[in-house]
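Given these sequences and hints, build the entire structure.
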Amino acid sequence: MSISRRNLLKGAAAAPLASMALPAFAQEKVKIGFIFLGPIGDYGWTWAHNKGREAVEAALGDKVETIYTENVPEDASAEAAIRDLCNAGCKLIFTTSFGYMDQTLAVAAEFPDVKFEHCTGYKRADNVATYNSRFHEGRAVLGTIAGKMSKSGTLGYLGSFKIPEVVLGVNSFALSAQRMNPDAKVKVVMIDSWFDPPKEAAATETLINLGCDIVTTHTDSPAALQILEQKGLYGFGQGADMSAFAPNAHLTAIEDIWGPYYIQRAQAILDGTWASTDTWDGMAQGEVVISPYSAAVTPEAAAEADKVKAGYMDGSFDIFTGPIFDQDGVERVAAGVKMTLGELAVMDWFVKGVESAS
Amino acid sequence: MDFMIAAIITIVGLTTPILLAGLGELVVEKSGVLNLGVEGLMLVGAISGFAVTVFTFNPWAGVVGAAVGGALASLIFAVLVLQLNSNQVATGLALTIFGTGLSSLIGVNFTGRIVAPFGSVFPDVLAKDPFWKLFFGYSPIVYFAILMVFVVGWFLKKTRAGLILRAVGENDLSAHSIGYSVIKVRYMAIAFGGAMAGIGGAYFSLVITPMWAEKMTAGRGWIALALVVFAGWRTGRLLAGAYFFGILMALELYAKAAGFSFLPSQFWAAMPYAMTVVALAIISSRGTAGASAPACLGKPFTPST
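Residue numbers (my numbering), protein chains in the order written: chain A, 592 to 949; chain B, -12 to 292.
Treat the hints with care, since some could be wrong.
Per the computed footprint, the stretches of chain B lying under chain A, defined by three or more beta-carbons under 8 Å from a beta-carbon of chain A, are [what the hints assert, rightly or not]:
#	stretch
1	190 to 198
2	215 to 226
3	234 to 247
In short, the hints are calculated from the structure, not lab data.
From the three backbone atoms N, C-alpha and C, an ideal C-beta is built for every residue, glycine too.
Here it is as C-alpha cells:
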C-alpha cells in the first residue's frame, strides 16, 4: 500500500536494523502492530488483546497483516520495541498497557505518519488515540455477587498497582458489595506486578487468612483462582474466562473483548478516516462481557447481578452515583450526583470500607 | 493460633523453591563454578515437571522429570564453561535467557491445562487437621528440601567426596596435581545444581499453582542466587536465610493486607537483596575464611599440563 519514502528514510536513520525490515515493505498489506505486556499465553490480559488481534486478522486478513511483540516491560525499553514496529512498516500500533504511555508519545513524535492507539492512558496527540474499557462496570457485577454470597462480609482484592484503572475496580467492587451488604469490607493487596504467579498465590493466601472468603483479582494470571480452588473458596476470572483453571472456585469472569474496536480502527486506517479519539466503551458496546455464571452462584446473587448488568446495558444504572464517601468517611460525591467519565479517569482515592496500605 | 499456622504455611510455600535452588547453587559454587542461569533452570524444571505430570498423571514422575530437565539444561552450561572455558558470568546469563525461551517454547502446548496439585501425601486426618497440618500438610517436596539441607551439609563436611569437591573449588590446580579430575567433579556439581533448580521450579508448576504459565517463576532464581551469598556458602545458614527471605516476603503481603503503610512496598521487595549486601559486608569485614566465597569461584580451570 502506501509506503512513504520519508517514513522509510526516517526508519533507516533511526535504527540500522531497519534494513532488516525492508523485505516487508514489498508486501501489499497494511501492517498493524501490537505491543503486549505479558506472554500471549497468560490466559488473561494479554491473551484477550491477542484475541482482538486475531479478530482483526479474521475480519480484514486480505487487506491487513498484524505483527506483535510480547513480554515488553513498562520501562524505557518499551520505546525501542515500539520503534521496531514502526521500522517494520506498521501504519497502526496498539500499545496495550498503561505503562507504555510516555513511551508511545515519544515514539509517536518521531513517526508522525504512523498512528498509535494507547490502551488505558490519558495522554493523546494528533497521531495518538487512547482507548479503554469500563472494566469497573464488570467489577460492579462481581461485587454484587460477592456481596450477596460472602459469609464473612470481608472480601479480598488482589491488585497490581495503584493506578486509576485499579482504583476504579476496587471502588466499583466495594460499592457494589455494600449495596448487597452494607457492612461489607474490601481488603486490598497491591503486588507491584501484573504477572507474578507465586506472589499472587501467596497474596491470596494472606487475604484468606485475614478473613476474606471471596477474592477477586486485578492481576493477570489464574494463580489466585487456583489457591481459592484448593481452599474451597470463590473468586472471579480476570480478562478471560478462567474456569478451566478452577472449575469450582470460578464464579464468573470479566472478559475483555477488544476485537470489535480493533477491527473498527484498522478499517479507519484502510479508509483514511482515522482520527485521534478517546474511546471508553463498556458493557453496552460489548467490550466488557460477563462470563456465564457457575452453578455455585446462588439464584438470588444471579438475579441481583443480572439487574446490574441490565442497568449498564440500558444506561439506567451507574455504581458511581452519590452519595459516595471516602475511606475517612468524608462525603466526596453528593447524593444523586453521577461521577463523570473525566472524574473516573483520574480517581485516586478509595471509598469507605476499603482497607488498603495506601 | 489458626492465623499463625496459615501464615507459616504461606511462608513455607514462599521459601521452599528458593531453598531448593539455592542449595543446588551452593554446591555448584563450592566446586568453583558460578552459574547465574538458575532462573532459566527453574523455568525448564517447571515446564519439564508439568509436562511429565500431564502425560503420566504422576507428580512423583513429574518431580523426577523436573530434575532431569534442569540437569540436562545445566549440562549445556557445563560443556561451555568447562570444556570451552567460556566466561561463566556471560554463559550463566545466556542460560537464563535460553531457559526462559526453551520453557516458553515447550510450554506452548501446555498452556491452559491443569494438573491435580501435588499436596500432602499424609492421611487427611493429619494433613487437613487444623493443627497437625502445620507439620503434615505440605507437599513431599517441602520435606525433601529440608532433608537435602542436611544431606548436602553432611556430604560437604563429612564425606571424602565432599572434601574433594571443596578442594576443587578452593584450589583447582592443587586438586588437579594430586590426581583429582576437576572437570568431572564440576560436571557433577553443575548437574546437581540444575536438578535442584529444576525441582524448585516444579514446586511452582505442580504445587503452588498447578499449571504452566510463561515466566511463572518471576525472578525467584535471582533471589536464590542472592541467598547463597547471604548464607556465606554454608548450608545451615542457607536454611535460615531462605526462611528469613520467606518471612520478609510474607511480611510485605501481610503489612499490605492489614493496611499498614509505614513503609513503601518497594522497600520490602528490595529487602532480600539489601540484606545480601549487608551480609556480604559483614562477612568481608570479619575476614573469616570459612564463610567467604570459594577461592576459585568463577575462574576457568586452565592447567598448564
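Index of numbered hints that the structure contradicts, given in increasing order: 2
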